[in-house]
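**Q** Sequential numbering of the sequence shown, starting at 1, is according to the UniProt record's numbering.
Hint data in this document are derived by calculation from the structure and do not stem from the laboratory. Even for Gly, the Cβ is constructed at its ideal location relative to N, Cα and C. Keep in mind that a hint or two might mislead.
[As the list claims (entries may be wrong)] Cβ-Cβ distance ranges computed for the label pairs, FRET-style:
no., residue 1, residue 2, range
1, E245, R57, 46 to 52 Å
2, K72, T215, 31 to 37 Å
3, E73, R212, 27 to 33 Å
4, T34, P232, 30 to 36 Å
5, R57, E106, 29 to 35 Å
6, K234, G40, 44 to 50 Å
7, G29, K234, 38 to 44 Å
8, G153, T8, 42 to 48 Å
9, I36, T7, 15 to 21 Å
10, K123, K35, 20 to 26 Å
11, G19, A178, 21 to 27 Å
12, G75, S156, 18 to 24 Å
13, G29, E257, 37 to 43 Å
14, T252, T8, 18 to 24 Å
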Amino acid sequence: MRIARFTTGDDPMFGLVDGAGEKIAEITGDPLYTKIELTGTVHQVEDVRLLAPVIPRSKIIGIGRNYADHAKEMGNEVPAEPLMFLIPNTAVIGPGDPVVMPEISERVDYEGELAVVIGRMCKDVSPEEAKKVVLGYTISNDVTARDLQKSDGQWSRAKGFDTFCPLGPWIETDLDPADSRVTTRLDGEVVQDGPTSDMIFGVAELISHASRAFTLLPGDVILTGTPEGVGPVKAGQRVEVEVPEIGVLANTYVALEESEEA
């Protein structure tokens, strides 16, 4: 099942997307909290504006260096346990929204990732029970001001700017997170392409580890790390991140002054 959040020009609503990704059937309420019931209204995807499929009410948990080759390309050792950081929910944007590059940074990178959406409140979850707390999976781009990441020594500013956490295009509830692939394209050229089986810590381990530190709430999102091939983006370039079972998340990067003029 694919769950989308969208608007036709009025208040945001939720819907179920068909297998072809062409139609959205409206549902009542928020599927994180209410039973899914169809309203009977169906829209063409091309006629609506897709929004980020979830706006975390509590937190986004990022995972650093979760692919060995990515850790190596950044000159780092593989961590002994999941390396976590927090991203504010104000960083979230949806598919097609512009990523605004801050003037203070001279290098902004893409990082395509698979993201996990938590479906119910939990604490101290075992890896064996982790699957039960997952609503589904979506795609993320963990945008990073690389120069600020290095100078700050911690990552909240470098990864937390407004617009730095694109999510979408929808949530897929039926996916094996250990048997998929993350592919990132920069202006149509493949720059990242890695199987999720290469993760150092799998999704169940990440959920368990995070829940030992934080109570996880419905709508919380865990970014699972990025494959090797990260790199800089210039204003005007377009980044597409694809997970075949979900779809494609595409966003164009713009300079701050361009976004202010718009």
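**Q** In this structure, is the beta-carbon distance linking E245 and R57 contained in 46 to 52 Å?
**A** violated (26 Å)
**Q** With 42 to 48 Å as the target window, see if G153 and T8 comply at their CB atoms.
**A** holds (45 Å)
**Q** 18 to 24 Å was suggested as the range; check whether the CB atoms of T252 and T8 agree with it.
**A** holds (23 Å)
**Q** Is the gap between the beta carbons of G75 and S156 within 18 to 24 Å?
**A** Since the Cβ atoms of G75 and S156 sit about 21 Å apart, the hinted range of 18 to 24 Å holds.
**Q** Could one say that the CB atoms of K123 and K35 fall in the range 20 to 26 Å?
**A** holds (25 Å)
**Q** Measuring from beta carbon to beta carbon, are G29 and K234 in 38 to 44 Å?
**A** Holds - the Cβ-Cβ distance for G29 and K234, about 41 Å, lies within 38 to 44 Å.
**Q** Taking 29 to 35 Å as the hint, is the beta-carbon distance of R57 and E106 inside that range?
**A** holds (34 Å)
**Q** Is 44 to 50 Å right for how far apart the beta carbons of K234 and G40 are?
**A** Because 46 Å falls inside the window, the suggested range holds.
**Q** Confirm or reject the claim that K72 and T215 have a C-beta distance inside 31 to 37 Å.
**A** This hint holds: roughly 34 Å between Cβ atoms.
**Q** Could you see if the CB distance from E73 to R212 stays within 27 to 33 Å?
**A** Given about 29 Å between the Cβ atoms, the range holds.
**Q** The hint says 37 to 43 Å between G29 and E257; measuring C-beta to C-beta, is that right?
**A** At roughly 40 Å between Cβ atoms, E257 and G29 fall inside 37 to 43 Å, so the hint holds.
**Q** Between G19 and A178, does the C-beta distance stay in 21 to 27 Å?
**A** holds (22 Å)
Hints 1 and 4 from the earlier list are contradicted by this structure; the remaining hints agree with it.
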